[in-house]
Amino acid sequence: MRRIVLINILFLAGLLGLAGQSAEERYSQAGQLYSSGDYSGAAAIYRKLWEEGFRSEDLLYNTGNAFFKAGDNATAILFYERAKLMAPADEDIDYNLQIARSRITDRFETVPQLFFVRWFDFLALLTSTNIWAVTALAMFITSLLLALVFLTKSRARGRLLSFWLSVATLIMALLMISLAVRNNSLVNHNRKAVITCSIVTGRSAPGETGNELFVLHSGTTVTVEQELGEYREVRLPDGNKGWIGSSCMEKI
Amino acid sequence: MRRTTTVLVLFLASLAALAQEVTLTVDAPGSAAAGERFRIIYSVNSTDGQFTPPKFDPSFSVQGPQQSTSRNVQWVNGDVKTVSTTTLVYYVVAGTPGTYTIPAATFESRKVTVSSPEKQIVITAGGSSQAAAGQGQQQGQSQSANTGESPSAGTDVSMKILLSEREVYFGEPVTGTLKLYTRINLSGIQELRYPDFKGFLKEDIETPPLRSLETEVIDGVQYGTGVIQRFVLYPQVSGELRIDPAEMTVLVQERTGTRDPFFDDPFFDNFFSSVSTVPRKVATLPVTVRVKPLPEPRPADFHGAVGSFTMESSISGADAKLNDAITMTVTLRGTGNLNLAGEPVINFPQGIEKYDPKVTLRGGGTATGTKVFEYLLIPRNTGTFEIPPVSYSVFDPRQGKYVTLRAGGFSVSVTGTPGQEEGAAPVYIPGEDVKYLGQDIRYIRNGDGRLTTLSSPLVSTLHYWLWFALALFVAGAVLLLRRGQMKRNADIAGLRNRRASRNARTRLAKANALLKSGKNDLVNAEIARALWGYLGDRLRIPQSEITRDKCNAALRQRNTGEDLLTELDMVLTATEYSQYAPLSEGESPAALARRAAALIGRLDDVLD
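Chains as they are written, first to last, in the working numbering: chain A, 570 to 821; chain B, 1341 to 1948.
Misleading hints may appear alongside valid ones.
[Unchecked claim] No more than 25 angstroms apart at the CA atoms, straight line, and that leaves these computed lysine-lysine pairs for DSS-like:
{"no.": "1", "chain 1": "B", "residue 1": "K1890", "chain 2": "A", "residue 2": "K722"}
{"no.": "2", "chain 1": "A", "residue 1": "K722", "chain 2": "A", "residue 2": "K761"}
{"no.": "3", "chain 1": "A", "residue 1": "K810", "chain 2": "A", "residue 2": "K820"}
{"no.": "4", "chain 1": "B", "residue 1": "K1827", "chain 2": "A", "residue 2": "K722"}
{"no.": "5", "chain 1": "B", "residue 1": "K1621", "chain 2": "B", "residue 2": "K1538"}
{"no.": "6", "chain 1": "B", "residue 1": "K1661", "chain 2": "B", "residue 2": "K1694"}
{"no.": "7", "chain 1": "B", "residue 1": "K1632", "chain 2": "B", "residue 2": "K1538"}
{"no.": "8", "chain 1": "A", "residue 1": "K722", "chain 2": "A", "residue 2": "K617"}
{"no.": "9", "chain 1": "B", "residue 1": "K1632", "chain 2": "A", "residue 2": "K638"}
[Claimed, not checked] A few chain B residues that face chain A, going by a derived Cβ cut-off under 10 angstroms, partial list only:
{"no.": "10", "residue": "T1515"}
{"no.": "11", "residue": "F1537"}
{"no.": "12", "residue": "L1541"}
{"no.": "13", "residue": "R1782"}
{"no.": "14", "residue": "Y1783"}
{"no.": "15", "residue": "S1795"}
{"no.": "16", "residue": "S1796"}
{"no.": "17", "residue": "L1798"}
{"no.": "18", "residue": "A1815"}
{"no.": "19", "residue": "G1816"}
In case anyone wonders, no lab produced these hints; they're calculated from the structure.
Every residue gets a Cβ at the ideal spot worked out from N, C-alpha and C, and that includes glycine.
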């Protein structure tokens, strides 16, 4: 843990040295640009902050707004989707994402996820993966201590209580581990991608030879199923699959 | 004619030998079709006499006679022989079929009267299409390769459809010429009626109106010819296609009025007779064309073009603005059925809006022409679009196979800003109080942004999971240690248990020894220690925690009898009492020691 923190500090220091301005200063500068109507300038600064590794739901939300106002609906959707991963319960993000989606070409009948998957994902995204991970470890250790009490103490009343507490904390720990893993896969290994090309043709095979299956326009969210060289097999929200060049999409 | 001449010469020779004997001959066809015009020619080797024509059947319509006279003067061995021949030609059209007899004609000279032989003629029901039946059709057949160039002999006016090809492929254009042949003067043409050219698509070629005839000699006969109409035929079905006769009415100049048997000659007619125009029907022969079907399979990009073509393509600009039209032009050039050539199918990339092409046709048919397809394209998206090369198959009848033409594709780069079509009506959501004027995203969040840096996820590192292993390991180790300790403790207790009676007896023996040495005050304490030690070891209660209640409870658990408990209580009370009241009023120490020993014995029995 300490080493990661140390690396992070070094990384940050390097970034600050390069940028000359603190990240917070640039963040507020972008906000001023946005207020004055220079949406493209604001979007550029926000995006640069994101590329340098800064994260916060506000940053992602503002980036999405700036791109939306600059006319790039696809990138706006991309950042709103990213923001949603950091703040699943944020109503503003949902609202703006819905408006951005209404401005794109492709319409899909989306099949909603099963309710428990939605709930689980929502729970997983409530906090960051590392907080889940640390809590899970703490829970596990608590569970072990309670188990030790159960196994070593001979008095009947304390034994029973410690046994049940141990089982409960163990279940909690396992749940939190799975939430941490789910959060990690949603945030850091998300298979969803947003189409950034104005128009792109989905083919039945990687390359330019396959039969043309469908046409996607910018802003459509797809799920990457397979990767082969420069081509990605994507699944559309309605369940169809096809191959698209990787240059025409950006992963969430 | 030539035959007639030969006959005449032979006649003349015989006449010379027979010293001017007058003969009258008749020359008529053995059969003719109803409605057909045929000739009956009477020849007489004299110019001096009266010719009486036969009485023709009333169903015959007779024109003529056309009279001609020739004189032949010969000097043979000093004799002068003059031979004169008169020929009279009747043009007859028989109305109804049947067998007719043409009765004899007579020629009455100053010396003799001769008559011609009777002649049988069979009129067949053939209609006018079989006009010029005998000779005409024979000629047509023998000259089929020559497309029946010459008109039927024996007719003065005829008309022909001349085709450039008699055997073509489906769709291959054929040039046709409708041509007039005449040997007599015509004053005009009326009522040209084309057949319906079933199975063909006909396209007229601009033909100058017929003003003067050209002279053409066919089979030694001089005709005046003229092209009435040129046209192009495109076969639309395959198989043997018959072109029905074309019909036309010509105005024939015909002499009327009195006839001078001696100057009955068309040349002189102009001077001596009045002339009237008579309409006469002329029809062509039917013509058949063999249309070969196009070979199968046809290529997918074949759209009906048959001929010899080239193709090229061009585009108005490789750079285009969003929503600004560009034009792509595909030009098909060559000879063939350009008017029937369908538009090439071009797979324009998605994002470019395509409209139906504007088609311009110039020329075509059997002459070289061009067909221009102009595609209006409107790019609706930005980016670089590849318009694929145009592929277009045509059937080349000369090679007898399909030829695929290709023209280059283009790369169009479209620039511009999308989505600037403002002016969408504001959205009104029906409501009582609040009027929504529009829709926009919510404003950004200012503030410090609560920026954090990207940290690597713990779950994907090994050391995070090692923490779990470590915790489990530590817990396991603690458990093992504790369990070992407990086990050892248990062992000590067992040992004590086993040694409990012995220790107690040792202590009681010590008490007896103290009794003997007179130290009575210590005896009771030793007995008490022996009892408590025994109970503690036997009941596994640590000496520090032992009380009378605990002992009683432990003993009751093991179902020790109540009398034993009472006895134990009494002994313990006695030892305590005697301990704190040295001046003994109760039992003697010796008796108490005996009671204690007995009690331990009984307890041993119960607890084992």
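Taking the hints in turn, this is what the structure says about them:
1. A distance of roughly 20 angstroms separates the Cα atoms of K1890(B) and K722(A); the hinted pair therefore holds under the 25 angstroms criterion.
2. Proposed proximity of K722(A) and K761(A) is contradicted: the alpha carbons are some 52 angstroms apart, above 25 angstroms.
3. Restraint check: the Cα-Cα separation between K810(A) and K820(A) comes to about 17 angstroms, which is no more than 25 angstroms; the hinted pair holds.
4. Among the hinted pairs, K1827(B) with K722(A) is consistent with the structure: their alpha-carbon atoms are about 13 angstroms apart, no more than 25 angstroms.
5. A hinted pair counts as satisfied when its Cα atoms are at most 25 angstroms apart, and K1621(B) with K1538(B) qualifies at roughly 23 angstroms.
6. Proximity of K1661(B) to K1694(B) is assessed by CA-CA distance (about 15 angstroms); at most 25 angstroms being required, the pair is judged to hold.
7. For the suggested pair K1632(B) and K1538(B), the alpha carbons sit about 16 angstroms apart, so the restraint of at most 25 angstroms is met.
8. For a cut-off of 25 angstroms, the pair hint linking K722(A) to K617(A) is broken: about 59 angstroms separates their Cα positions.
9. With a CA separation close to 67 angstroms, the supplied pair K1632(B) and K638(A) exceeds the 25 angstroms bound.
10. A least Cβ separation of about 45 angstroms between T1515(B) and chain A goes past the 10 angstroms threshold, and the interface hint is therefore violated.
11. Restraint check, F1537(B) versus chain A: the minimum CB separation of about 45 angstroms is more than 10 angstroms; hint violated.
12. For the restraint placing L1541(B) at the interface with chain A, the shortest Cβ-Cβ distance is roughly 37 angstroms, beyond the 10 angstroms limit, so the hint is violated.
13. Against a cut-off of 10 angstroms between C-beta atoms, the interface hint on R1782(B) holds, since the closest Cβ of chain A lies about 5 angstroms away.
14. Interface hint status for Y1783(B): upheld, as the beta-carbon distance to the closest one in chain A is roughly 7 angstroms, under 10 angstroms.
15. Hint status for S1795(B): holds, given a least beta-carbon distance of 6 angstroms to chain A, under 10 angstroms.
16. Interface restraint check for S1796(B): the shortest CB-CB distance to chain A comes to about 6 angstroms, inside 10 angstroms, so the restraint holds.
17. For the restraint placing L1798(B) at the interface with chain A, the shortest Cβ-Cβ distance is roughly 4 angstroms, inside the 10 angstroms limit, so the hint holds.
18. Here the hint on A1815(B) is kept, as its CB sits about 4 angstroms from the closest CB of chain A, short of 10 angstroms.
19. The interface hint given for G1816(B) is met, as the beta carbon of that residue sits about 9 angstroms from the closest beta carbon of chain A, less than 10 angstroms.
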